[in-house]
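**Q** First to last, the sequence lines map onto chains A, B, C, D, E and F.
Take the first sequence: its letters are residues 7 to 256, numbered as in our numbering.
Take the second sequence: its letters are residues 7 to 256, numbered as in our numbering.
Take the third sequence: its letters are residues 7 to 256, numbered as in our numbering.
Take the fourth sequence: its letters are residues 7 to 256, numbered as in our numbering.
Take the fifth sequence: its letters are residues 7 to 256, numbered as in our numbering.
Take the sixth sequence: its letters are residues 7 to 256, numbered as in our numbering.
Hints may be right or wrong, so weigh each one.
Where chains are identical, the list cannot tell them apart; a pair therefore holds if satisfied intra-copy or between any two copies.
[As the list claims (entries may be wrong)] Cut-off 25 Å, straight-line C-alpha distance, at most; resulting in silico cross-link-like pairs (PhoX-like, lysine-lysine): (1) LYS234 / LYS143; (2) LYS139 / LYS234; (3) LYS132 / LYS204; (4) LYS139 / LYS149; (5) LYS204 / LYS99; (6) LYS234 / LYS24; (7) LYS132 / LYS166; (8) LYS71 / LYS149; (9) LYS143 / LYS71; (10) LYS149 / LYS234; (11) LYS234 / LYS204; (12) LYS197 / LYS99; (13) LYS166 / LYS234; (14) LYS149 / LYS204; (15) LYS143 / LYS24; (16) LYS234 / LYS71; (17) LYS46 / LYS254; (18) LYS234 / LYS197; (19) LYS166 / LYS254; (20) LYS166 / LYS139; (21) LYS132 / LYS143; (22) LYS132 / LYS149; (23) LYS139 / LYS254; (24) LYS24 / LYS46; (25) LYS132 / LYS99; (26) LYS168 / LYS46.
Keep in mind that the hints were calculated from the coordinates and are not lab data.
Quantities reported herein were computed from a predicted structural model and do not represent experimental measurements.
Number of protein chains: 6
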Amino acid sequence: MPRRLLYFKLVGTEKDRKAVEEYLRRYASPGFEVEARLIKSRLPDLEYHCYIAAIAKDVLREIVKAEREGFTAAILGCFYDPLLEEARELTSKMAVVAPCQASLHLASLLGSSITIILGREKHFPKIRELAVKYGFKDRVSFKCLGLCVEDFYTRREAVKEKVAEAARQAVEAEAADVVVLGCTALYGFFKGLQEELKIPVIDPVLASLKYAEFMALVGEQLGWRISKRSCYEAPPREELENFHEMLKFP
Amino acid sequence: MPRRLLYFKLVGTEKDRKAVEEYLRRYASPGFEVEARLIKSRLPDLEYHCYIAAIAKDVLREIVKAEREGFTAAILGCFYDPLLEEARELTSKMAVVAPCQASLHLASLLGSSITIILGREKHFPKIRELAVKYGFKDRVSFKCLGLCVEDFYTRREAVKEKVAEAARQAVEAEAADVVVLGCTALYGFFKGLQEELKIPVIDPVLASLKYAEFMALVGEQLGWRISKRSCYEAPPREELENFHEMLKFP
Amino acid sequence: MPRRLLYFKLVGTEKDRKAVEEYLRRYASPGFEVEARLIKSRLPDLEYHCYIAAIAKDVLREIVKAEREGFTAAILGCFYDPLLEEARELTSKMAVVAPCQASLHLASLLGSSITIILGREKHFPKIRELAVKYGFKDRVSFKCLGLCVEDFYTRREAVKEKVAEAARQAVEAEAADVVVLGCTALYGFFKGLQEELKIPVIDPVLASLKYAEFMALVGEQLGWRISKRSCYEAPPREELENFHEMLKFP
Amino acid sequence: MPRRLLYFKLVGTEKDRKAVEEYLRRYASPGFEVEARLIKSRLPDLEYHCYIAAIAKDVLREIVKAEREGFTAAILGCFYDPLLEEARELTSKMAVVAPCQASLHLASLLGSSITIILGREKHFPKIRELAVKYGFKDRVSFKCLGLCVEDFYTRREAVKEKVAEAARQAVEAEAADVVVLGCTALYGFFKGLQEELKIPVIDPVLASLKYAEFMALVGEQLGWRISKRSCYEAPPREELENFHEMLKFP
Amino acid sequence: MPRRLLYFKLVGTEKDRKAVEEYLRRYASPGFEVEARLIKSRLPDLEYHCYIAAIAKDVLREIVKAEREGFTAAILGCFYDPLLEEARELTSKMAVVAPCQASLHLASLLGSSITIILGREKHFPKIRELAVKYGFKDRVSFKCLGLCVEDFYTRREAVKEKVAEAARQAVEAEAADVVVLGCTALYGFFKGLQEELKIPVIDPVLASLKYAEFMALVGEQLGWRISKRSCYEAPPREELENFHEMLKFP
Amino acid sequence: MPRRLLYFKLVGTEKDRKAVEEYLRRYASPGFEVEARLIKSRLPDLEYHCYIAAIAKDVLREIVKAEREGFTAAILGCFYDPLLEEARELTSKMAVVAPCQASLHLASLLGSSITIILGREKHFPKIRELAVKYGFKDRVSFKCLGLCVEDFYTRREAVKEKVAEAARQAVEAEAADVVVLGCTALYGFFKGLQEELKIPVIDPVLASLKYAEFMALVGEQLGWRISKRSCYEAPPREELENFHEMLKFP
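Produce the entire structure from the sequences given, and follow the hints as far as they go.
**A** Listed below in structure tokens is the structure:
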């Protein structure tokens with residue numbers, strides 16, 4: 007019976023969902039089935055932290071549902087790693103994985119100096135905060151493209167060229183030996199870049215996918231699942247039922 | 007015309023709301039009017055990070071409404087400082103203040119070694135994370151009471167004694183010269199403790215109140231308001247209207 | 007009865023004292039009276055740390071005197087924050103506030119990435135040290151004007167333009183969302199800059215003023231005054247009297 | 007064709023090698039074949055950093071050989087993570103994984119506060135140094151058993167009980183939500199402990215195994231292999247041949 | 007011609023001065039002559055930071071004088087390292103050395119985990135601040151004797167026993183491999199302790215002496231003297247003369 | 007009887023050994039005799055960490071031998087500070103000193119902002135790691151020459167000019183007040199540079215020499231030798247003999 011992974015496309019259209027689902031399936035390991043689900047909303051993107059609030063209940067409800075449906079791991083598809091702690095509080099068997107955390111962990115294992123390529127300065131304070139929180143601040147530098155997330159979807163060719171330029175500069179001027187593409191909307195660019203630059207270029211969607219597979223495996227084989235003791239402790243059972251009810255009603 | 011401050015009681019009963027409102031009014035500076043509003047929900051407390059998600063839209067809607075009503079500052083009433091960045095993105099004139107940030111800033115100005123008294127270990131990872139993020143980690147230590155937030159409301163006398171004990175130990179064994187009460191539900195205890203221990207004991211509700219007054223003043227007098235440039239940049243106008251609509255519907 | 011604040015102009019002429027006094031009065035909150043006192047000496051400025059030594063006794067004597075005269079807060083008027091700990095040891099009721107600490111605390115509450123504009127490289131090591139000590143090093147960057155403090159007084163127009171240029175670069179190249187003017191002699195420039203750049207520009211003289219008012223209030227209303235327990239512990243009474251004597255004789 | 011993993015038992019007897027090989031095979035994922043090879047020497051253990059020097063050439067020669075034989079990943083079997091950078095310089099296709107790095111990465115993804123259980127104080131400075139280097143120092147605490155590595159092999163039952171005691175204390179007194187067993191000789195104990203304590207207990211041998219599988223997969227599927235650009239840059243080709251020659255002669 | 011070193015006894019009696027001078031002479035290297043000079047004042051000790059202010063001018067005047075008299079290095083005799091930057095600004099050929107900096111540098115070269123033994127909690131915040139500033143915070147822990155500096159002079163035997171006890175605990179409970187005696191008044195105790203504990207015990211008076219000799223040598227032989235470029239830049243010549251005048255008059 | 011110091015030339019030719027020996031002798035203090043010994047191998051340089059492995063046994067054997075021959079201090083001649091902990095484990099009376107540690111300690115005592123000039127990016131990750139480990143990361147910046155170690159030996163004049171250029175830029179653009187030449191092969195350049203730039207320029211070979219003399223003296227005079235308690239604990243006597251045997255056979 008294959009293990010099932012669920013990628014939450016937190017914003018976008020059905021077409022976008024489908025595109026990322028196909029992308030994920032192309033790279034999934036044998037024995038894993040991937041599904042992408044769209045959190046429907048009227049949000050254009052997730053550049054603003056407040057936008058998450060508008061879909062938070064939907065996301066958590068879907069997380070709870072996914073665990074009940076038997077998914078072995080879920081991915082929160084945004085490089086801000088939104089709702090990661092919240093989702094982990096609500097699950098116990100299903101792993102929950104997030105793109106920035108997965109990307110930085112992987113990058114830090116592959117090289118010494120990591121450059122994260124960001125869309126624009128708006129993204130910088132939160133990603134720097136995550137780099138500090140995850141423990142990698144001494145080895146991370148940043149490059150801003152001056153592009154918003156919308157550009158990432160509508161002007162793929164121009165974006166691709168800008169990303170390549172930024173990555174080249176990172177390698178030359180900042181001695182980066184790993185580059186991280188700092189937005190899930192930048193998926194699909196890593197391969198060509200990696201070949202050109204001869205260093206690993208981390209695609210955050212695939213980094214999440216691989217960590218989802220990994221956490222699924224170590225959970226299943228060794229019982230290494232999120233500690234439910236303090237940080238990710240769940241509400242007590244009776245409260246939890248009540249909370250699940252609350253999540254149902256928008 | 008008095009400046010108006012709004013305290014969001016994020017959980018609890020109407021009676022709790024009233025109690026905290028009275029408490030705040032007792033300590034408000036002349037020229038400030040304080041109101042406390044309750045975010046109604048079926049949540050018993052906010053010990054779990056996921057609980058915030060269930061009320062996030064309500065909180066942000068109320069934040070937006072409060073700015074429109076002309077409040078000069080708002081306080082997010084929980085020591086986890088939930089939704090602080092989100093709320094600041096959505097406001098520009100009205101200051102938004104949070105208890106842990108306010109308390110640690112104040113404490114760090116009053117002494118060198120700060121002990122934060124927490125309810126129980128569940129609270130520890132998030133508060134440690136905030137202490138790191140706000141810049142005070144080298145000077146902060148923690149003491150856990152082994153009590154949950156519910157206890158704070160239902161067993162005031164016993165809690166008071168336990169807090170006093172923990173504070174005494176902090177002073178003696180850890181050389182604390184400031185104590186921070188690390189939960190908004192611990193309001194009302196600071197005075198006696200402070201007299202006994204002869205060091206400042208920070209009440210997070212009042213620390214927020216005072217910072218709210220302070221931010222209100224520097225905004226009004228000097229134009230020093232939250233920078234809207236990167237971290238707290240708001241969505242563009244047309245998106246914002248759409249977002250306000252989204253917040254209306256639960 | 008109004009609360010009285012005292013600003014120590016640590017160097018300069020009677021005319022300079024008067025100018026800063028007027029400036030402070032223009033921005034003081036109702037209920038506060040501000041006075042500026044000049045520490046007279048033959049020093050041209052305070053760029054060199056050793057210069058403080060030459061006036062240290064005078065400053066501390068004036069601090070002690072000010073508390074006795076009933077001032078509620080005093081400001082040490084130099085961005086190096088000189089004698090802050092010493093002054094706090096010698097006071098208990100009167101708050102003592104310093105410009106760099108006040109400015110960085112305020113800036114860190116208003117934005118994420120702070121650029122401090124310094125006169126010249128001489129100022130850099132001490133201010134970096136203070137940024138580390140106060141907890142904000144991860145979020146602070148520096149820009150040097152290549153100007154000495156004397157220039158700040160004698161070539162105001164040229165300095166103003168240089169400061170504006172540096173601030174613009176900080177915003178563009180370093181994604182600063184708050185700018186701090188890193189010398190008390192740069193007072194008076196914040197307003198125009200702030201309007202041009204659309205981000206908060208912190209004037210260290212006014213940041214001190216506002217924190218002085220703030221500390222005065224929390225002391226009076228809540229008893230939150232400098233902890234006298236370890237860091238700011240005062241000499242025992244009998245020693246103190248002797249010490250006050252010593253301060254009298256130059 | 008199965009992927010082949012190689013575990014270097016860096017010290018011990020043929021019996022020890024066999025035991026760890028069996029242990030690894032029990033936990034290897036389908037599609038992976040595991041082999042353990044013993045670096046033969048007269049060393050009793052690797053508690054002393056100088057001991058590594060005595061086998062360094064042997065280890066690196068075996069690493070080079072392993073890559074040529076087509077292994078997809080190799081594990082350096084000691085919690086000091088010896089020769090990790092050296093081995094990565096000498097390989098390009100084969101991943102090289104080390105127990106402390108693998109364990110801390112995994113632990114940091116499963117919880118917030120990590121306690122590492124060490125044999126004795128001798129081990130502490132190096133492991134603390136690794137925790138700093140890998141980025142996890144703020145979340146890590148240590149407990150020493152007062153036992154040397156020899157004990158781990160000869161007094162398994164007593165050691166097991168001591169480890170359990172230390173882990174219990176970590177959970178109770180230090181609020182650990184993940185425990186890491188800080189020596190490869192402590193393999194085999196995690197399961198019972200984990201069941202008793204209800205938090206993840208990381209076995210460093212298995213953490214390495216799982217990271218070896220993981221790095222093998224991301225290398226194969228996505229080309230994410232150790233960056234050969236700066237930190238792990240290999241000697242130029244002609245030098246490398248010469249170096250391989252040097253490794254041959256003891 | 008011997009190199010001459012000057013130790014500033016910053017407080018105490020002529021008898022104390024003589025005692026420390028003899029102590030220093032006993033340990034001075036051949037080729038070095040040591041003199042101790044007393045800064046006379048009515049201060050009983052230097053436990054309070056404000057006390058330094060009362061003698062700052064005297065100290066700096068003596069520093070300037072010492073350089074003119076041809077001393078090759080001077081030691082500021084207090085573990086708070088008072089006036090270190092100020093004194094270095096005013097000198098160029100003569101090295102200036104301080105006990106805490108010298109002790110921590112030496113200790114960090116001799117072991118991994120350093121315990122500093124302090125008189126009482128008053129001393130703790132400043133010494134922690136210095137440990138952070140000098141770069142050793144991750145490796146330093148503290149033990150307080152609960153004794154004031156006066157005790158150090160008047161109850162030598164009792165103090166000696168308390169220090170020994172604290173050092174033993176540091177070694178046993180905190181795995182210290184170096185102990186630093188955190189007050190210049192604790193001089194003379196290191197030898198017996200060191201023999202008992204079998205680890206280096208740093209006497210801050212002698213650590214300063216040895217660093218003074220060292221800095222004298224590298225200055226003389228290699229021209230490695232305090233950089234006069236930014237941190238320790240001196241006032242311009244004309245200002246300096248004026249300043250020297252100021253120092254003359256108390 | 008003179009104290010004897012031993013510099014290990016870890017790579018190069020007999021001519022190189024002789025050159026460095028003469029250089030060291032020129033700068034040695036009276037009372038010290040210096041000898042340089044070459045670790046012979048087929049290695050061209052030590053730019054790659056794996057290269058150390060090939061000579062590790064030889065180095066340690068020579069270290070042990072040197073202590074037996076009565077040397078008072080030994081220097082490991084490579085800026086990566088290779089085998090420092092290993093060598094210190096194996097010695098007790100003889101001090102062991104390394105160039106990067108010695109240079110950074112000295113530089114941090116002479117100024118505030120340190121720029122390390124590196125050959126090329128390959129050297130950067132390890133030296134950054136050492137700067138973090140030794141405690142100086144907040145004050146250190148880096149400049150890469152884009153030259154390999156071979157260039158340092160074969161194109162001295164061109165290298166000298168490039169180093170001077172880099173140092174000038176460090177002083178101007180990064181406000182460096184101390185420059186460290188980050189490779190032992192850059193010895194001999196400091197003097198001219200230092201005179202030109204008017205700031206200390208640290209030669210790592212001579213920094214090691216001076217620290218070797220210093221550690222020799224404090225060991226002899228005060229018994230302050232490497233703590234043998236945890237970090238540098240040696241193997242137990244019987245194991246040690248066995249280990250010495252192992253070192254003998256290549």
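**Q** Decide, hint by hint, whether the structure agrees.
**A** Structure-based check of each hint:
{"no.": "1", "hint": "LYS234 / LYS143", "in the structure": "between (27 Å within a copy, 21 Å between copies)"}
{"no.": "2", "hint": "LYS139 / LYS234", "in the structure": "both (20 Å within a copy, 24 Å between copies)"}
{"no.": "3", "hint": "LYS132 / LYS204", "in the structure": "between (29 Å within a copy, 21 Å between copies)"}
{"no.": "4", "hint": "LYS139 / LYS149", "in the structure": "both (19 Å within a copy, 22 Å between copies)"}
{"no.": "5", "hint": "LYS204 / LYS99", "in the structure": "between (38 Å within a copy, 13 Å between copies)"}
{"no.": "6", "hint": "LYS234 / LYS24", "in the structure": "neither (34 Å within a copy, 35 Å between copies)"}
{"no.": "7", "hint": "LYS132 / LYS166", "in the structure": "within (23 Å within a copy, 33 Å between copies)"}
{"no.": "8", "hint": "LYS71 / LYS149", "in the structure": "neither (38 Å within a copy, 37 Å between copies)"}
{"no.": "9", "hint": "LYS143 / LYS71", "in the structure": "neither (35 Å within a copy, 36 Å between copies)"}
{"no.": "10", "hint": "LYS149 / LYS234", "in the structure": "between (37 Å within a copy, 21 Å between copies)"}
{"no.": "11", "hint": "LYS234 / LYS204", "in the structure": "between (41 Å within a copy, 8 Å between copies)"}
{"no.": "12", "hint": "LYS197 / LYS99", "in the structure": "between (33 Å within a copy, 17 Å between copies)"}
{"no.": "13", "hint": "LYS166 / LYS234", "in the structure": "between (41 Å within a copy, 24 Å between copies)"}
{"no.": "14", "hint": "LYS149 / LYS204", "in the structure": "both (19 Å within a copy, 23 Å between copies)"}
{"no.": "15", "hint": "LYS143 / LYS24", "in the structure": "neither (35 Å within a copy, 41 Å between copies)"}
{"no.": "16", "hint": "LYS234 / LYS71", "in the structure": "within (19 Å within a copy, 37 Å between copies)"}
{"no.": "17", "hint": "LYS46 / LYS254", "in the structure": "both (15 Å within a copy, 16 Å between copies)"}
{"no.": "18", "hint": "LYS234 / LYS197", "in the structure": "between (37 Å within a copy, 17 Å between copies)"}
{"no.": "19", "hint": "LYS166 / LYS254", "in the structure": "neither (40 Å within a copy, 38 Å between copies)"}
{"no.": "20", "hint": "LYS166 / LYS139", "in the structure": "neither (29 Å within a copy, 33 Å between copies)"}
{"no.": "21", "hint": "LYS132 / LYS143", "in the structure": "both (13 Å within a copy, 16 Å between copies)"}
{"no.": "22", "hint": "LYS132 / LYS149", "in the structure": "both (14 Å within a copy, 23 Å between copies)"}
{"no.": "23", "hint": "LYS139 / LYS254", "in the structure": "neither (32 Å within a copy, 33 Å between copies)"}
{"no.": "24", "hint": "LYS24 / LYS46", "in the structure": "within (14 Å within a copy, 38 Å between copies)"}
{"no.": "25", "hint": "LYS132 / LYS99", "in the structure": "between (29 Å within a copy, 22 Å between copies)"}
{"no.": "26", "hint": "LYS168 / LYS46", "in the structure": "neither (30 Å within a copy, 48 Å between copies)"}
Against the hints set out earlier in the document, violations occur for numbers 6, 8, 9, 15, 19, 20, 23 and 26.
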